[in-house]
Each structure stands twice: as C-alpha cells, then as structure tokens.
Amino acid sequence: GAVVSQHPSRVICKSGTSVKIECRSLDFQATTMFWYRQFPKQSLMLMATSNEGSKATYEQGVEKDKFLINHASLTLSTLTVTSAHPEDSSFYICSASGGGRGQPQHFGDGTRLSIL
Amino acid sequence: AQSVTQPDIHITVSEGASLELRCNYSYGATPYLFWYVQSPGQGLQLLLKYFSGDTLVQGIKGFEAEFKRSQSSFNLRKPSVHWSDAAEYFCAVGLAGGYQKVTFGTGTKLQVIP
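Protein chains in written order, with the working numbering: chain B, 36 to 151; chain G, 4 to 117.
Think of the hints as simulated: they come from the structure by calculation, not from any bench.
Here the structure is a predicted model, which is why all the values come from computation and not from measurement.
Cβ atoms here follow ideal geometry from the backbone N, Cα and C, with glycine treated the same way.
Some hints could be false.
[As the list claims (entries may be wrong)] In silico lysine-lysine, DSS-like type, Cα no more than 27 Å apart, as pairs:
1. 76/B - 52/G
2. 90/B - 104/G
3. 64/G - 104/G
4. 112/G - 52/G
5. 76/B - 112/G
[What the hints assert, rightly or not] Here are a few chain G residues that face chain B, going by a calculated C-beta distance under 7 Å:
6. 37
7. 45
8. 46
9. 47
10. 52
11. 107
[What the hints assert, rightly or not] A few chain B residues that don't get close to chain G, going by computed Cβ distances all over 12 Å:
12. 88
13. 100
14. 115
15. 121
Work out the full structure: start from the sequences and follow the hints.
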C-alpha cells in the first residue's frame, strides 16, 4: 500500500527555535498533502492543504507566517514551525493523496513536538 | 459543509466479542467515506473506504462497514475483536468533487478486555 514517511518522529527544542518537519510519499506521487495538528485525546485538526507547486491553503485561525509549508515536489512537503513556543507543542501529522476522485489520504506516523 | 458524528467516545468490549462503531455524517450528496485507525503516538491507517457501488465494504484486519444512505450512517463492524484492535478509530467524510479534503469525526477509543 501507499507509504508516507514523516520525519522526525520526535523533536524537543528550546523556545524560539524553528523546527522543520518533512513528509514524503515513498511509492506514489502526492499531488496534495495535508498537515494536521492533534491535541491529546482529540481528533485531527486540519491546518493546511498544499498542492505541488502552489501556495498552501490554510484553515481559518492558522497563522501562515507561523507555520510555513512548502510542497516543492510530488513526493515531499515540509512544515516549518517558526520561532516555536510552548503553546506550539503538539502532535503534527501529515498525509498525502495521489489525486483523483475520492482518493484516500495516507498518513505519516506523526511528529511529537515539545517546546521547552 | 459536511460533518461527521461519532456518538461513542469510548467503547469497551471483551476479546472475541463482536464490535460495532457508529458513524453518522451530514452531507448534501453521496460522500466518500473512510474509516481510519490510530494506535497511540502514531499516524492513521486506512481500514476501508466507500465511494460507490456495493454498500457493504470490506477492509483490512477483518473489518467491514456498511453505508446506509437512509440513515446517513457508515458503521464499522468486526465479528470477533482481538486485543490488538485496541486503538482510536476515526470516521471521515470527503467531498465528492474530486478534492481530497476530508472531515474527521471526534474518534472512538476502543478498549479490549481479556
């Protein structure tokens, strides 16, 4: 089946640091990638949708200057949390879809971000 | 806008017992429907999906789901639960216009007891 690799799986860093998370589709071309944030014991909250070669579409309330998304190729999207603060600590999950009607999203294993 | 409701936040079943997780959706047309499973600290794995055709969908790990248009439901079932099935289950609904954005339900946490 479709495989999505997300790296790193866990990050611990100091407040003010910028953190980059990578999401790669390993065996298919991902025309669309999604970035989610998940709070403890809650569902996934969509942060943004990115299509290869174009600017990401951010959901309401998500700061685009805080969460920079790049989708430069059909197999790689990155999320950079700029100047991270403790309130940015969360579980971030990416997913990728190969396009076409109703194609399911395939998820990475998530990144646990802890800002001290 | 579409929405998904999973009425049960937490369910406990005995190993070997049957399981049904409920999912109701709200959408003006026939949606794309998915069930995902999430183990602690991990991403989501697709169990099964419904686009059209046969309303009873078979998935991985012995799971199945039935689309009932009249009830706007897409309940997940398994005849005999294994301890390894303990996890969080998410129902999701997607737009039927070719765009892959989906809306997730709030999840149902499944506990399996010996």
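Return the status of the interface hint for residue 37/G: holds when the least beta-carbon distance to chain B is below 7 Å, violated otherwise.
holds (6 Å)
Are residue 76/B and residue 52/G close enough, with their CA atoms no more than 27 Å apart?
Distance ~24 Å between residue 76/B and residue 52/G Cα, so the pair holds.
Holds or violated: residue 64/G to residue 104/G, with C-alpha atoms at most 27 Å apart
holds (25 Å)
Evaluation of the interface hint that places residue 107/G against chain B, nearest CB under 7 Å
Cβ of residue 107/G sits 5 Å from chain B, so the hint holds.
Check the hint pairing residue 90/B with residue 104/G against an upper bound of 27 Å on the C-alpha distance.
holds (16 Å)
So residue 115/B supposedly isn't at the interface. Is its beta-carbon more than 12 Å from every beta-carbon in chain G?
Since the minimum Cβ distance to chain G is about 19 Å, residue 115/B lies beyond 12 Å and the statement holds.
Checking the smallest CB distance to chain G, is residue 100/B really beyond 12 Å?
It holds; residue 100/B is separated from chain G by about 22 Å at its closest Cβ, greater than 12 Å.
How about residue 52/G: closest beta carbon in chain B under 7 Å, or not?
holds (5 Å)
Proposed proximity, residue 112/G with residue 76/B (alpha carbon, max 27 Å)
holds (9 Å)
Given the hinted pair residue 112/G and residue 52/G, is their alpha-carbon gap at most 27 Å?
Holds, at roughly 20 Å.
Test the statement that residue 88/B is away from the interface with chain G: the closest C-beta pair must be farther apart than 12 Å.
holds (16 Å)
Can we keep the residue 46/G interface hint, with Cβ of chain B closer than 7 Å?
It holds, given that the least Cβ distance between residue 46/G and chain B is near 4 Å, below 7 Å.
Checked against the numbered hints above, the structure breaks none of them.
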